[in-house]
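**Q** These protein sequence lines are chains A and B, in that order. Converting from the first sequence to the numbering used here requires adding 14 to each position, the first position being numbered 1. Converting from the second sequence to the numbering used here requires adding 1489 to each position, the first position being numbered 1.
Some clues are possibly wrong.
[Unchecked claim] Beta-carbon label-pair distances, calculated as ranges: (1) A:P106 x B:K1607: 43 to 51 Å; (2) A:I39 x B:Q1617: 50 to 58 Å; (3) A:A35 x B:L1648: 23 to 31 Å; (4) A:A35 x B:R1543: 29 to 37 Å; (5) A:L248 x B:A1496: 45 to 53 Å.
[As the list claims (entries may be wrong)] Examples of chain A residues lying across from chain B (beta carbon under 10 Å, computed): (6) V20; (7) D64; (8) G95; (9) Y99; (10) A229; (11) L232; (12) H236; (13) Y240.
[Unchecked claim] With a Cα cut of at most 25 Å, we get these calculated SDA-like pairs of lysine to any residue: (14) A:K200 x A:K246; (15) B:K1607 x B:R1551; (16) A:K256 x B:T1642; (17) A:K237 x B:K1607; (18) B:K1607 x A:N17; (19) B:K1621 x B:V1511; (20) B:K1621 x B:D1557; (21) A:K244 x B:E1632; (22) A:K252 x B:E1578; (23) A:K79 x A:M53; (24) A:K67 x A:Y85; (25) A:K256 x B:C1600; (26) A:K67 x A:D47; (27) B:K1607 x B:D1624; (28) B:K1576 x A:L329; (29) B:K1576 x A:A332; (30) A:K256 x B:D1557; (31) A:K246 x B:R1543; (32) B:K1607 x A:L24; (33) A:K246 x B:A1631; (34) A:K252 x B:E1632; (35) B:K1576 x A:N54; (36) A:K246 x B:M1633; (37) B:K1607 x A:L313; (38) A:K246 x B:F1627; (39) A:K246 x B:T1642; (40) A:K252 x A:W130.
If you are wondering where the hints come from, they were derived from the structure by calculation, not from laboratory data. All C-beta atoms in this analysis are idealised placements derived from N, C-alpha and C, irrespective of residue type, glycine included.
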Amino acid sequence: MFNYIVRRILVMIPTLIVISALVFIIIQLPPGDYFTTYMNELQSRGEKVDAAKLEFLKQQYGFDKPMIEQYFVWATGLLVGDFGYSFEFSRPVSEVVGDRLWLSFIVSFTTILFTWMVSFPIGVYSAVRQYSVGDYTLTFFGFLGLATPNFLLALILQWMAFSYFGTSIGGLMDPQYMDAAWSVDKMLSVLEHLWVPVLVIGTSGTAGMIRRLRANLLDELHKQYYITAKAKGLPPGKALIKYPLRMALNPFIADIGNLLPEVISGAAIVSIVLSLPTTGPMLLNALQSQDMYLAGSFLMFLATLTVIGTLISDLALAVLDPRIRIGGGAAK
Amino acid sequence: MVHRYVASSLYGDYLRAAIGTVFLGTPLYFAAESPVVATILGCLLLLFVGFGVRTGLRHMTRIETTPDALVTIGPFGRAMPWSGINKVELKYFSTQRNRTGGDGWIQLIVCDPAGCLKLESSLNGFDQLVAKIADAAFRNGAEMSELTVENLTMMGITLTFAEEDAE
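Chain B extracted, bound-state conformation (with noise of 0.2 Å):
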């Protein structure tokens, strides 16, 4: 199955970059007097020219999953094969403070040998995503916290050895 980040939020997040960066740039392309304020308005701007960047890259890839790896196309892509996942993050934010208001997105971090990528739930099919990935950490005994098998309950997601599911 193939995943991408749905337009609606990566539109969204080039509109925040595109704010953010119109917002800071604008004072500090007009002088900022102070030394001090100049360059937090500069390390600002370059938080949010960042985020344009990597929403841009975002827009570039693609996730697959194929029998042996999970495999992502576009810049920086590569695969990784499920015996290889050693470790699996699974976090959720939100910028209300009680969390329950549904503007929050979860990010899963899944790691290899050779390194770690980061995956967000503005992907389609990323419960099934999810799932998989969780599937194979299970199998190949990978780090969880506590909290990221908290959240996979949350998620509906339960990990269990097939041996059991027969039994």
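So that you can see chain A by itself, here it is in the shape it has in the complex (with noise of 0.2 Å):
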């Protein structure tokens, strides 16, 4: 197992160093630059736009110099924790970023834990008692979180949370606690706003793990080893728990990789409709105003949470199927 991570860490560096590469093309591709645009706004209002002042500002933050340089400076930054400069709230983007990048990952590890936590159990329900009733009502309610847009969701069920706990609309804790420093106070006003993100955000993963779930595990129940193990005695828990379901949990588990970032884009829209102080509405704004190392950065955290979320799932997989595959030759 030391060797297998240790390889996969190798894996992530060539990954993360080719992914920093197409973050910063990707912001630099719009034409002009945060001043530019900047001076722009000034000028559309009927400001002054001193032009000297322009080309000051853009030496001052490197801006004068050749793409690659650019990216360099910010890329080794990036490497010692220096986020780089941002230029719509001219403090440093760590500053900038602070709480939200945890209440961020709050609101994300919540929504992965309530999507495991209500699809494995419905899953493996619906598959075991396929075209029953339950199955029926279940997969019935499965494809209504699917369909649901997750904005109307989020307008319902902020709107019910008003009418019927009293919960203050909008944002993730109450706001006499925006700027205050954490407390107990503070963290349960937290748990009282968080149901709702993790509610909108994971109902429609949540159908869509339970459709994978349980179609993987009616696959695995109809093949000859389970039903001779159930022919020669073996309890139906214990012989369901043993061998099916662990073969049926390989996709399940793969999907972390691809369930982060899911849920984080995800996240970026009902985050606006919810007001959450989280990262997805700083991004949108970022990116608009091309601020850019701001916008980089977040970029560069979602990417590293799909990289780390295709770590952890390959790790698991590792772990749970450690079976030699078909022309799978081991190395010398």
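Relying on the hints, combine the two individually framed chains into one complex.
**A** Written out as structure tokens, the structure reads:
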């Protein structure tokens, strides 16, 4: 396993280098830069624009240097924890992002946990009790979750939370805790608000996950080895958990890598609707205003999460299913 | 028979350890401004340094099969009597998801009451070694998971009693 972890981490290094280059190219693709956009905005408002000042700012922030040099400065900065400078906020990116990153992480992590906790038992039940009333009912709710737009569900739940529980509209905490230091009361306020975004973002993922697990498990349940195991007297629960469920879990676990960015990108729209202080809305603003280091750091954060998600799922798969595949000869 | 880790595999592992150490050690040395980043880099760096040390230990290790025991010669060397083997695990790892690219490797974990020994398919004569250990484990009634039996079958090793063979 040690060998496996080392090799997988080594694969991550070039992957992240290529991603960082692509991210940098993408954020440089739109014509102009932050200062040009800012000056255009000033001009459209009829304010005076000093061209010399524009040139000076561009020089000061290294915008006049070749792209490769700018990339090198940014990428090496990322490696040592310097994420650059946000022009819009006139502060270092790490300060601007601050709590938002942690709140995004809390929302995403809870959503993934919710998705798994709901979809796993339902998926297994639907497969084991195929075509039963329970299977049809759960499948119906699954499709309903898949078909309902997230923003619509967000609005409905927001209204329900306010009407029935008196939870303040929008945000991840009550307004008085917005700029306060972390405390037990602030944590409780976050927990009070958390269920709405988790439910909204989680429902679509849950429905997909239920369908996948159900289909995988049904494939396994019709195989000879399972029928033989039951015919030989193995209790149904043990026969299910020991063999088919383990095999059916492979695609389920392989999905973690995709789940992380899906949850975070899905959360961006919901965050705007729910006015959540997470990274989604800030990323959108940064991309619109060409605040390149802020946008670049966010995109790198998303990419790193995807790569880490894939690593986690690969490690879990390696532990769960270390079988030799046909044609998968071992390297000497 | 004496088994050693083949040189090409060891040099590959040295290279991996070196690349990891350089890539993670350089930013750590030249100032990681954030303590979180420094901790992450430091932990990963330790992992690669540990990997390098383990490769070095493997370089010095030889595995010998005698009529009585499986003997490890080198650092932490010991003899594991064939009659003492009580658990065997055979696992396959690959960094490719479909696991059919041929870049994978097999890990054999063999245990007796005194401890466990981990061997990898980069040992020369690994298949013969696995067959011998599996045979001893089968005779001892050692613990073997279904996955291990499946993997042994995939390697072309079938476990039968000598009496059954004679019949």
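**Q** With reference to the structure, classify each hint as holding or not holding.
**A** Consistency of the hints with the structure:
1. P106 of chain A and K1607 of chain B have their C-beta atoms about 46 Å apart, which keeps the hinted 43 to 51 Å range intact.
2. Between I39 of chain A and Q1617 of chain B the CB atoms are about 52 Å apart, so this pair conforms to the stated range of 50 to 58 Å.
3. At roughly 52 Å, the beta carbons of A35 of chain A and L1648 of chain B sit outside the given window of 23 to 31 Å.
4. The hinted window of 29 to 37 Å between A35 of chain A and R1543 of chain B holds, with their beta carbons roughly 33 Å apart.
5. The supplied range of 45 to 53 Å is met by L248 of chain A and A1496 of chain B, whose beta-carbon atoms lie about 48 Å from each other.
6. Proximity of V20 of chain A to chain B holds as hinted, the smallest CB-CB distance being about 5 Å (cut-off 10 Å).
7. The interface hint given for D64 of chain A is broken, as the beta carbon of that residue sits about 33 Å from the closest beta carbon of chain B, more than 10 Å.
8. Below 10 Å, beta-carbon pairs count as interface contacts, and G95 of chain A has one with chain B at about 3 Å; its hint therefore holds.
9. Hint status for Y99 of chain A: violated, given a least beta-carbon distance of 13 Å to chain B, over 10 Å.
10. Interface restraint check: A229 of chain A against chain B, minimum CB-CB distance 19 Å, threshold 10 Å, status violated.
11. Look at L232 of chain A: its Cβ only gets to about 22 Å from chain B, farther than 10 Å, so that hint breaks.
12. Hint on H236 of chain A is violated. Least Cβ distance to chain B is approximately 20 Å, over the 10 Å limit.
13. Taking 10 Å as the C-beta cut-off, the interface hint given for Y240 of chain A is violated, the closest approach to chain B being about 13 Å.
14. For the suggested pair K200 of chain A and K246 of chain A, the alpha carbons sit about 57 Å apart, so the restraint of at most 25 Å is broken.
15. Proximity of K1607 of chain B to R1551 of chain B is assessed by CA-CA distance (about 13 Å); at most 25 Å being required, the pair is judged to hold.
16. At roughly 20 Å between alpha-carbon atoms, K256 of chain A and T1642 of chain B fall within 25 Å of each other, so this suggested pair holds.
17. About 34 Å separates the Cα atoms of K237 of chain A and K1607 of chain B, which puts this hinted pair outside 25 Å; it is violated.
18. Annotation: proposed proximity of K1607 of chain B to N17 of chain A holds, straight-line Cα distance about 12 Å (limit 25 Å).
19. This hinted pair does not check out: K1621 of chain B and V1511 of chain B have alpha carbons roughly 40 Å apart, beyond 25 Å.
20. Among the hinted pairs, K1621 of chain B with D1557 of chain B is consistent with the structure: their alpha-carbon atoms are about 12 Å apart, no more than 25 Å.
21. Among the hinted pairs, K244 of chain A with E1632 of chain B is consistent with the structure: their alpha-carbon atoms are about 23 Å apart, no more than 25 Å.
22. Among the hinted pairs, K252 of chain A with E1578 of chain B is consistent with the structure: their alpha-carbon atoms are about 22 Å apart, no more than 25 Å.
23. Using a Cα cut-off of 25 Å, the hinted pair K79 of chain A and M53 of chain A holds, with the two alpha carbons roughly 20 Å apart.
24. For the hint linking K67 of chain A to Y85 of chain A, the alpha-carbon distance of about 24 Å falls within 25 Å, and the restraint holds.
25. Annotation: proposed proximity of K256 of chain A to C1600 of chain B holds, straight-line Cα distance about 24 Å (limit 25 Å).
26. With a C-alpha separation of about 15 Å, the suggested pairing of K67 of chain A with D47 of chain A holds against the 25 Å cut-off.
27. For the hint linking K1607 of chain B to D1624 of chain B, the alpha-carbon distance of about 17 Å falls within 25 Å, and the restraint holds.
28. Among the hinted pairs, K1576 of chain B with L329 of chain A is consistent with the structure: their alpha-carbon atoms are about 23 Å apart, no more than 25 Å.
29. A distance of roughly 20 Å separates the Cα atoms of K1576 of chain B and A332 of chain A; the hinted pair therefore holds under the 25 Å criterion.
30. Simply put, K256 of chain A and D1557 of chain B have alpha-carbon atoms about 36 Å apart, too far for the 25 Å limit, and the pair is violated.
31. For the hint linking K246 of chain A to R1543 of chain B, the alpha-carbon distance of about 46 Å lies beyond 25 Å, and the restraint is violated.
32. A distance of roughly 22 Å separates the Cα atoms of K1607 of chain B and L24 of chain A; the hinted pair therefore holds under the 25 Å criterion.
33. For a cut-off of 25 Å, the pair hint linking K246 of chain A to A1631 of chain B stands: about 23 Å separates their Cα positions.
34. A distance of roughly 19 Å separates the Cα atoms of K252 of chain A and E1632 of chain B; the hinted pair therefore holds under the 25 Å criterion.
35. Straight-line distance between C-alpha atoms of K1576 of chain B and N54 of chain A comes to about 73 Å, which puts the hinted pair past the 25 Å bound.
36. Of the supplied pair hints, the one linking K246 of chain A and M1633 of chain B holds, its CA atoms being roughly 21 Å apart against a limit of 25 Å.
37. For the suggested pair K1607 of chain B and L313 of chain A, the alpha carbons sit about 41 Å apart, so the restraint of at most 25 Å is broken.
38. Distance check on the hinted pair: K246 of chain A and F1627 of chain B sit about 23 Å apart at the alpha-carbon level, within 25 Å; holds.
39. With a C-alpha separation of about 22 Å, the suggested pair K246 of chain A and T1642 of chain B falls inside the 25 Å cut-off, and the hint holds.
40. A threshold of 25 Å between alpha carbons decides the hint, and for K252 of chain A with W130 of chain A the separation of about 21 Å falls inside it, so the pair holds.
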